[in-house]
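Asker: The lines below spell out each chain.
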Amino acid sequence: MNIALINGSPKGGATNSGFLLEKLRPLLPQEAAISTYRIGPKALKNEQYLELLAMDMLVLAFPLYFDAIPSHLLRMLTEMERSTQSSNQRPQTVRVYAMINNGFFEGDQCKLAVELIRNWCERCGFMFGTAFGHGAGEMFGSVGHVPVGSGPLKNLGLALEHLVGSIRSGESTEPFFTQPNFPRGLWKLSSTQLFWNATAKKNSLKPKDLRRRPGMPPIRLPQSGGKRQDV
Amino acid sequence: MKMIVHDLENAGELPWLTAFGSGQDVIGIDNAVIRHCTGCFGCWTRTPGTCVLKDEYRHLGARLAACDEMVLISRCTYGGYSPFVCNVLNRMLPYVLPYFRMLKGQMHHQLRYEQTVKFNVYFYGEDLTANERQTAQELVQANSLNLGAKGFEVSFYDNIRQLKEVLS
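Chains A and B, in that order, give the protein sequences.
Residues -13 to 217 (my numbering) are what the first sequence spells out, left to right.
Residues 5 to 172 (my numbering) are what the second sequence spells out, left to right.
In short, the hints are calculated from the structure, not lab data.
Cut-off 25 Å, straight-line C-alpha distance, at most; resulting in silico cross-link-like pairs (DSS-like, lysine-lysine): (1) A:Lys187 / A:Lys(-3); (2) A:Lys97 / A:Lys9; (3) B:Lys58 / A:Lys188; (4) A:Lys28 / B:Lys58; (5) B:Lys154 / A:Lys97; (6) A:Lys(-3) / B:Lys58; (7) A:Lys174 / A:Lys187; (8) A:Lys(-3) / A:Lys174; (9) A:Lys174 / B:Lys108; (10) B:Lys58 / A:Lys187; (11) B:Lys122 / B:Lys168; (12) B:Lys58 / A:Lys192; (13) A:Lys194 / A:Lys174.
Isolated chain B (complex conformation):
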């Protein structure tokens, strides 16, 4: 199963999303209201593996662990994700452990689960600068390392129509 996180707001995208996300764990901006991670570390030290914020996003760690691929569809924002996609990613903190391990000479988190995901990120935005593309590419690579992903891909599209053509 794939986890698909997207920030597509236009109701016109719904038919495509329904087909693309059929049978997958789809998390969109049109779902329930999401709260921001408060950095309390409760997901590590109070209810290990589950966020303490009581909303529909508290089980994202376990939900990701049930998937073999994570797909992010996001407006490229300053070379990163849009606030919603970033928010969902922040709430995935219980997917990893608080403890550290060394990877490529740097400290990273140990993984909670044995399973790993492939990380596919589709950025869209009509006037992205070269610096934003470079930052986005490196950010996905860094996230992929931190989440222990088994691989990653990043691609850029000028608009949602282009992106849908590739994914359909």
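In isolation and in its complexed conformation, chain A is listed as follows:
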């Protein structure tokens, strides 16, 4: 059983998507041969697409961008769809799983990103296994020491169990959406005080500076004759 763990976060270094993959890895079947991929702004090579097409399973982990898939990962998915059309490998056997995190609190804000992955699977001839969406993803970095399945990561434990259950059984199941085990108001408050305002301070800015409203920059608008006019 060949499984590709694909980190679709565009950030460098430690990422929330990497955190989810790290927590999933020990739960995967022991006999599985696991390969890891990082999808950044730089495109994958052709041979890497062929490697992915030869996998039994793909596990995509990515952050939610504008209710959907971030553009660099979307570009990779479209390239992979092209590869399925030009390859004579066996895409029908590939099963796809997704772990999506978002910065809001509610995990179900990831549901459209799941549908996009499901529609992509249909276009590629892949089988959609299942997916989960988890809210408050930016929290993962600060609770790395907490065992999965307890405290604020209790529901993440259930989400991983859901995903692994489908991987082991080979059956497709409906997606699972959840959020951390602490109050939503606390997330709103802590993200404001401990993250945004604290980061502003590190950058020598005050909270009110984050609300700045830059004006329209000088740009050239096209005119009907094909010329462009400065504004």
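Assemble the complex: chain A is given as a structure, and chain B must be docked to it using the hints.
Answerer: Relative to chain A, chain B alone:
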């Protein structure tokens, strides 16, 4: 003014685009190379309201704030936007604030500007599935809520010719 974001690549579309986009802020795939959002949050915490990536798309938040309508013309891709249109939308993150607000029982971003836009999305694609249409419809609705739009419309066309006839 309208912001028009499109992914039309064929040079044959140029005369129509020139007429349709006259006097508007037009962002097309034929403009400068666009970089992907790297999720650094610099547009929120380092240079508030402006992206830190130094390309021609760093002022998209302020540019959108100068408009009263955003028009997206995109190939429908798995029920969402094409990679280019998605990329432009991702780079509009500085249009909103990092802080949260509650809307319809869910968390969303506070708006940076008082102005709001109407959101009009024209999808094209010859063999869209029912699921893709449904996803696209819901995606535009969700984006519109997140960006605090004052309204939205979504329409689908089998090809660019059909779309141009409606918009002309």
